[in-house]
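Engineer: Respectively, the protein sequence lines represent chains R and U.
Each residue of the first sequence is one higher than the one before, starting from 1 at the first, in our numbering.
Each residue of the second sequence is one higher than the one before, starting from 1 at the first, in our numbering.
It should be emphasised that the hints constitute simulated quantities derived from the structure, not laboratory data.
Hints are supplied without guarantee of correctness; some may be wrong.
Stated by the list, open to error - Listed below are the simulated DSS-like cross-link pairs for lysine-lysine, each with C-alpha atoms no more than 27 Å apart in a straight line:
1) U/K52 to R/K146
2) U/K2 to U/K400
3) R/K106 to R/K63
4) R/K71 to U/K416
5) R/K30 to R/K72
6) R/K180 to U/K24
7) R/K72 to U/K400
8) R/K67 to U/K416
9) U/K416 to R/K63
10) R/K30 to U/K114
11) R/K71 to U/K155
12) U/K396 to U/K209
13) R/K72 to R/K93
14) U/K155 to U/K114
15) U/K416 to R/K59
16) R/K72 to U/K2
17) R/K71 to R/K102
Said to hold, decoys possible - Here are some, though not all, of the chain R residues that point toward chain U, as calculated from beta-carbon distances under 10 Å:
18) I47
19) K72
20) F74
Glycine included, C-beta positions come from ideal geometry on N, C-alpha and C.
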Amino acid sequence: MNNDDLLTRILTCVELGKVNRNTPFPPDMKGMDGADELTRLALERGIKPSEILNDALIKAMDKVGQKFADKKIFVPQMLISARAMNASMVHLKPYFQTGEVKRKGKLIIGTVAGDLHDIGKNLVAMIVEGAGWEVIDLGVDVSAQKYIHTIQEHRDAVVGLSALLTTTMHNMRTIVADIKNSFPAVTLMIGGAPVTEQFRAEIGADGYASDPQGAVAYLNSLIHEV
Amino acid sequence: MKYKSLTISEPEKLIFGDAPLPVKTKRGLIIGGGRVYAEVNFTLPPMEVSLKTLPEVRKHYTEITEGILERAIELNSRGLVLELETLLEMTRTPAIGVELVTVMNEICEKYYQKYNLPVEIRLTPNDLREFDRPPQSRTSSYLDSMLELFELGSKAGGNLLSIESTGGKEISDNALMMCDMKRFIFSQSVLGVRDMEFLWPRIVDIARKNRVIAGGDTACGFGNTAMILADRHYIPKIVAAVARVATVPRTLVAVEQGATGPDKDCAYEGIFIKAITGIPISMEGKTSACAHLSPLGNVAAAAADLWSNESVQNIRLLSGMAPVAYYEQLEYDVRLLNEAKRCGERESILLQKLLVNSDIGYDPQALVLAPGNVIRIAGQIIRGKNSIDATVSGCKEAIKIIREAIDSGQLLTDEKELVWMDILESDINSVPTGESEFVEMMLPELGDTFIPSEYGL
């Protein structure tokens, strides 16, 4: 197996959710090496961590994201792929720390104050992470102060705000204004069932995404700016 | 399990407008007594809710209530229910919620006195305990606010009390996303049941003390979350159908603890509760598309005693304000149901059959709500030795029904759904019957996502 084959196998493991040799899923890969073992092997062979990240892991998650967007797979299948990717990332972690490999950027994400709905937000976080971004998840019921405090520590981050309730859209408006007052240059992306492009323009946020793939596309469009 | 037999055991008797245990309200509605009534729910447009904005909030609720009741007179309504499902601030500051009940009740009383129109308010405080992560179901100060709103709101005119309680939600959301039915069953049959056993005696006490009606609970945060996830193709419909059934023993606890109905509108599992206990139920279907989409538009009406729109914002449409427009749609829906009842048993059963058959071939979630299937599933649930066994038995029967419908060609199913049947079955079969065994099995994998002591564990 040459290095290209090895990267392809890592890609396949992540795409199909083969975490390691011991995991039973997918059944037709039972007993075979998974993303965990193959990533270790790739590094031992001297394949650059950035190649593993970009040519195997991110490509795999792109494919998974596309299958999900095309309604060919469900969320659990995507989550299993994310687990396989995480198994690989464990081996790449030291290289992130030294700066040898870099993520595309950083996203601070949370559901706005007064709102507890986090299923959609979690899904966005997972897919964005799979697309090569670092995600800082602030959880639910996030106040402007909490966003601002986190931005102070991560000034290069894009900030994502989610709301599911029409009544918490008001809080989104206030939080966006508060953040922009403190950090006029920060990029703010919003989303959630009642949120629209028109609302984005109205409240002065920078980007709007109606689904997780849209969030990734928007973030990727910012890369040169981050 | 308190109920050992079904109160309704024939599909034709599990029908709209008639419940073996009808509920009579203060202003004279007899819910489940031979007539279906509209139940209208509404919410604010995007705006801040606080003591500061209370005048504006009050204005909205006044306008909504006046608008709906004025239209009710125009349409010769025989009565209706208005639901006030509170928002965060209305519960956290009970004075706001109480103020709105008071305002609405004054208008209801005015129309009752002037036109003899019986209107009742269902007061549904939202469950705030979720705001703590993980929730402190028994010790959170949020609980005090909720109970205070129940107490003061029932004195102010909230004559039907309900809640969408959320015990177990810290586990169920991820369980659904992962289609992990074992975890989901744990969230319902252990955490959900325990939380309901804690919460509902308190609500029933308040209702008895203030001489109002303890309506019932809804697994909206569980069953409807699954339905919406399936609608967005995030999880298989089959998983959502089985998840719906898994909520039944949990919602049943409210009645076991003294709730008398009408069960709450967004509880699509209400039809099972009606079959088991005989209490009247509120249901929502096609006319709730203003709040969420569903595959249950017609079938949901098959056994409804109240017919609801779930929720609509107070915004202007071409015809008028949205709550008034949606009330009118509900009123025409219930006119049709009531006309069938007026015509006789044969016509009612025919309409019930049309409502059911027009939906059940397209989605397993509709299939499991067909009265015949409800009776099969509920029959298995009541045989359960405990809530876990009841939940597992109901889920197994639901899978059996879905398989039969797929095999016979009655149910259209996407190929990618089918693999989940075996996964679900294997998951469900791995659930032990004993609670302590189940808890012991789940604790290591659930870590600190929930606080066992908050569930009395």
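Engineer: If a hint holds in the structure, say so; if it does not, say that too.
Structural biologist: Going through the hints against the structure:
1. U/K52 to R/K146: 24 Å, holds
2. U/K2 to U/K400: Given that 27 Å is the threshold and the Cα spacing comes to 25 Å, the pair holds.
3. R/K106 to R/K63: 21 Å, holds
4. R/K71 to U/K416: Roughly 10 Å between the alpha carbons, so the hint for R/K71 and U/K416 holds.
5. R/K30 to R/K72: Satisfied, since the Cα-Cα distance of roughly 23 Å is no more than 27 Å.
6. R/K180 to U/K24: 55 Å, violated
7. R/K72 to U/K400: 25 Å, holds
8. R/K67 to U/K416: 12 Å, holds
9. U/K416 to R/K63: 18 Å, holds
10. R/K30 to U/K114: 75 Å, violated
11. R/K71 to U/K155: Distance ~50 Å between R/K71 and U/K155 Cα, so the pair is violated.
12. U/K396 to U/K209: 41 Å, violated
13. R/K72 to R/K93: 31 Å, violated
14. U/K155 to U/K114: The hint holds at about 22 Å.
15. U/K416 to R/K59: 23 Å, holds
16. R/K72 to U/K2: 44 Å, violated
17. R/K71 to R/K102: Roughly 31 Å between the alpha carbons, so the hint for R/K71 and R/K102 is violated.
18. I47: 32 Å, violated
19. K72: 7 Å, holds
20. F74: 5 Å, holds
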